[in-house]
Amino acid sequence: MADSMAQPAPQDGGTRRDFLQLVTGSFAAVGVGAIAWPFISSMNPARDTLAVSTTDVDLKPIAAGSAITVVFRGKPVFVRSRTEEEIKAARATLLSELRDPEPDQVRVKKDQWLVVVGICTHLGCIPLGQKPTDQRGPFGGWFCPCHGSAYDTSGRIRVGPAPTNLPVPTYAFTSDTQIRIG
Amino acid sequence: MAIGLHKSEFKNPVIRWVDARLPIFTMVQKEYGTFPTPRNFNYFWNFGALALVSLVIMMATGIFLAMNYTAQTGLAFDSVERIMRDVNYGWLLRYAHANGASMFFIVVYIHIFRNLYYGSYKAPRELLFMLGVVIFLLMMATAFMGYVLPWGQMSFWGATVITNLFSAVPLVGESIVTWLWGGFSVDNPTLNRFYSLHYLMPFLILGVVFLHVATLHITGSNNPLGIDPKGPQDTVPFHPYYTAKDSVGLIVYFIVFAVLVFFYPNILGHADNYIPANPLVTPPHIVPEWYFLPFYAILRAVPDKLGGVVLMFGSIAILFVLPWLDTSPVRSMRFRPLARPFFAVWCLGFIVLLYVGGKPAEEPYVTIARVATAYYFLYFLVILPLLGRLERPLPLPESIARPVLRGGGPMPAGAMSKPMEKA
Numbered sequence: 002m003a004d005s006m007a008q009p010a011p012q013d014g015g016t017r018r019d020f021l022q023l024v025t026g027s028f029a030a031v032g033v034g035a036i037a038w039p040f041i042s043s044m045n046p047a048r049d050t051l052a053v054s055t056t057d058v059d060l061k062p063i064a065a066g067s068a069i070t071v072v073f074r075g076k077p078v079f080v081r082s083r084t085e086e087e088i089k090a091a092r093a094t095l096l097s098e099l100r101d102p103e104p105d106q107v108r109v110k111k112d113q114w115l116v117v118v119g120i121c122t123h124l125g126c127i128p129l130g131q132k133p134t135d136q137r138g139p140f141g142g143w144f145c146p147c148h149g150s151a152y153d154t155s156g157r158i159r160v161g162p163a164p165t166n167l168p169v170p171t172y173a174f175t176s177d178t179q180i181r182i183g
Numbered sequence: 017m018a019i020g021l022h023k024s025e026f027k028n029p030v031i032r033w034v035d036a037r038l039p040i041f042t043m044v045q046k047e048y049g050t051f052p053t054p055r056n057f058n059y060f061w062n063f064g065a066l067a068l069v070s071l072v073i074m075m076a077t078g079i080f081l082a083m084n085y086t087a088q089t090g091l092a093f094d095s096v097e098r099i100m101r102d103v104n105y106g107w108l109l110r111y112a113h114a115n116g117a118s119m120f121f122i123v124v125y126i127h128i129f130r131n132l133y134y135g136s137y138k139a140p141r142e143l144l145f146m147l148g149v150v151i152f153l154l155m156m157a158t159a160f161m162g163y164v165l166p167w168g169q170m171s172f173w174g175a176t177v178i179t180n181l182f183s184a185v186p187l188v189g190e191s192i193v194t195w196l197w198g199g200f201s202v203d204n205p206t207l208n209r210f211y212s213l214h215y216l217m218p219f220l221i222l223g224v225v226f227l228h229v230a231t232l233h234i235t236g237s238n239n240p241l242g243i244d245p246k247g248p249q250d251t252v253p254f255h256p257y258y259t260a261k262d263s264v265g266l267i268v269y270f271i272v273f274a275v276l277v278f279f280y281p282n283i284l285g286h287a288d289n290y291i292p293a294n295p296l297v298t299p300p301h302i303v304p305e306w307y308f309l310p311f312y313a314i315l316r317a318v319p320d321k322l323g324g325v326v327l328m329f330g331s332i333a334i335l336f337v338l339p340w341l342d343t344s345p346v347r348s349m350r351f352r353p354l355a356r357p358f359f360a361v362w363c364l365g366f367i368v369l370l371y372v373g374g375k376p377a378e379e380p381y382v383t384i385a386r387v388a389t390a391y392y393f394l395y396f397l398v399i400l401p402l403l404g405r406l407e408r409p410l411p412l413p414e415s416i417a418r419p420v421l422r423g424g425g426p427m428p429a430g431a432m433s434k435p436m437e438k439a
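Chains X and Z, in that order, give the protein sequences. When the letters of the first sequence are read in order and numbered with the numbering used here, they come out as residues 2 to 183. When the letters of the second sequence are read in order and numbered with the numbering used here, they come out as residues 17 to 439.
Calculated directly from the structure, the hints in this document are not laboratory data. Remember, it's a predicted structure, so these values are computed and weren't measured experimentally. Honestly, I wouldn't trust all of these hints.
Some chain Z residues judged to face chain X by a derived CB distance under 8 Å, without partners named [what the hints assert, rightly or not]:
{"id": "1", "residue": "V72"}
{"id": "2", "residue": "A76"}
{"id": "3", "residue": "F80"}
{"id": "4", "residue": "R98"}
{"id": "5", "residue": "Y105"}
Glycine included, every Cβ here is placed at the ideal spot set by N, Cα and C.
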């Protein structure tokens with residue numbers, strides 16, 4: 002087949018056929034990539050999904066010591082109005098006692114309000130502690146019934162298998178009594 | 017076949033290890049590498065490969081569209097609009113899928129034309145041809161059900177009209193239609209089952225395509241001269257000769273496809289299908305997609321409900337017996353001076369049917385459709401069987417290589433002694 006055809010003499014170690022094969026192969030690779038990208042991209046969040054990726058929360062109805070759960074991007078977010086004692090307990094904890102050391106000050110924007118994603122960092126269960134009747138665990142924050150992780154009043158992991166603190170989502174105070182998550 | 021490891025001829029140890037246990041590399045090398053292919057293909061022989069590419073594009077875009085589609089009458093239309101507006105590149109996937117169907121049918125119609133002109137359906141390729149007709153039928157069913165999914169006005173009324181075809185069946189017609197619908201009109205159960213089947217049928221097509229190609233690799237390809245290769249001087253290896261030639265056609269195919277998708281994405285569609293389905297109002301002028309128009313014209317040409325349905329299905333069913341209706345042993349129309357003009361008129365008639373199928377059912381279109389329908393069947397049932405006896409074909413070339421190489425290479429003795437086909 003190809004071998005029987007007259008080959009131009011190689012110049013600088015390559016033939017014209019080598020060049021054509023490389024160029025064809027490169028163009029084909031770029032073409033396949035360009036065609037593949039829209040398919041891959043179509044599986045990323047669509048514009049309507051992105052459009053609902055902020056959540057406004059009115060803080061007024063939340064009494065001190067209680068908490069509400071709001072949905073942000075399909076996930077539960079805990080918004081908790083902390084009492085003076087709870088803030089004090091969170092501030093008094095030494096960083097050396099923590100598995101994922103983070104001072105309480107960097108986890109809140111206003112001392113009273115703790116906003117954390119309510120998903121246990123172990124394997125994704127939702128910890129108890131939002132309802133007054135719930136078990137809040139030995140550190141007064143949240144307790145995950147799945148595998149026994151306990152969080153403190155700053156949402157930090159204290160005991161149990163969870164590796165990290167409950168993450169704080171991006172949020173901002175749009176007024177004194179209103180926050181926007183996302 | 018002998019039991020035991022395959023004796024692989026590949027040098028690479030990994031390929032060799034796999035090939036010894038599953039000789040897939042040997043098979044690809046045999047069927048797509050060294051496969052002896054007539055050396056005189058023209059570009060009409062690109063269209064089988066292009067059809068396969070079309071099928072792959074339809075399946076890929078379809079699978080990704082399905083990730084965002086909702087088969088529920090209240091949500092289907094909006095889910096398609098969400099694909100168009102919100103899903104990343106959703107517009108591209110949907111336009112590629114909708115126009116991909118048109119490209120698929122264009123390619124397959126040219127593929128069928130090639131087959132009819134060069135007599136590829138004749139012995140020994142009858143089964144190959146019949147499997148192709150099965151693929152064509154499956155394609156039409158798949159395309160019809162896919163068109164229902166966006167749940168626009170044309171979707172709904174197309175589904176209503178086409179399913180009502182079965183009501184023409186004597187005695188059990190109404191029961192069949194109720195069964196097809198899963199209710200007493202085209203409604204949610206119909207949409208659900210059409211979605212399920214629309215997803216299933218491409219895989220059936222892929223299966224029949226496999227059989228189609230497997231059959232092709234038993235008989236080998238026909239060629240523009242319609243005579244059998246008589247030895248190695250008449251063939252070239254599939255790779256690189258026809259992989260390269262197919263690539264040229266593929267590039268032209270993608271250019272046409274891109275022009276449709278990016279510049280005229282709705283030119284082959286109907287504006288009415290951007291109106292949500294309304295079971296209480298029929299659009300004033302309903303027509304199927306362009307690729308169904310010839311058969312739709314045949315349906316309307318007959319002033320009898322059952323007769324129209326029978327002729328419409330018959331117009332495709334007749335292809336199954338075409339290898340036996342055409343009595344001429346000469347395959348290629350190049351050597352059939354009488355059959356060629358009759359076939360040209362048949363092609364013209366097919367295009368006329370396509371045209372009048374898209375026109376309102378009024379004069380002069382009805383009469384034109386009747387004449388064209390009559391000729392469609394006359395060609396298969398009367399002209400082709402008679403021509404085999406009456407026509408005196410032109411002398412066939414001695415071999416494929418001879419006209420190409422002007423004198424030809426050396427011929428193996430056995431090849432020369434083989435008697436020529438009737439000339």
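A quick look at each hint next to the structure:
1. A cut of 8 Å between beta carbons decides the hint on V72 of chain Z: the least distance to chain X is about 11 Å, and the hint is violated.
2. For A76 of chain Z, the shortest C-beta to C-beta distance to chain X is roughly 7 Å, which falls under 8 Å, so the interface hint holds.
3. The beta carbon of F80 of chain Z comes within 5 Å of a beta carbon in chain X, closer than 8 Å, and the hint placing it at the interface holds.
4. Because the smallest distance between the Cβ of R98 of chain Z and any Cβ of chain X comes to about 6 Å, under 8 Å, the interface hint for this residue holds.
5. For Y105 of chain Z, the suggested interface contact is upheld, since its CB lies about 4 Å from the closest CB of chain X, less than 8 Å.
In summary, the one numbered hint that this structure violates is 1.
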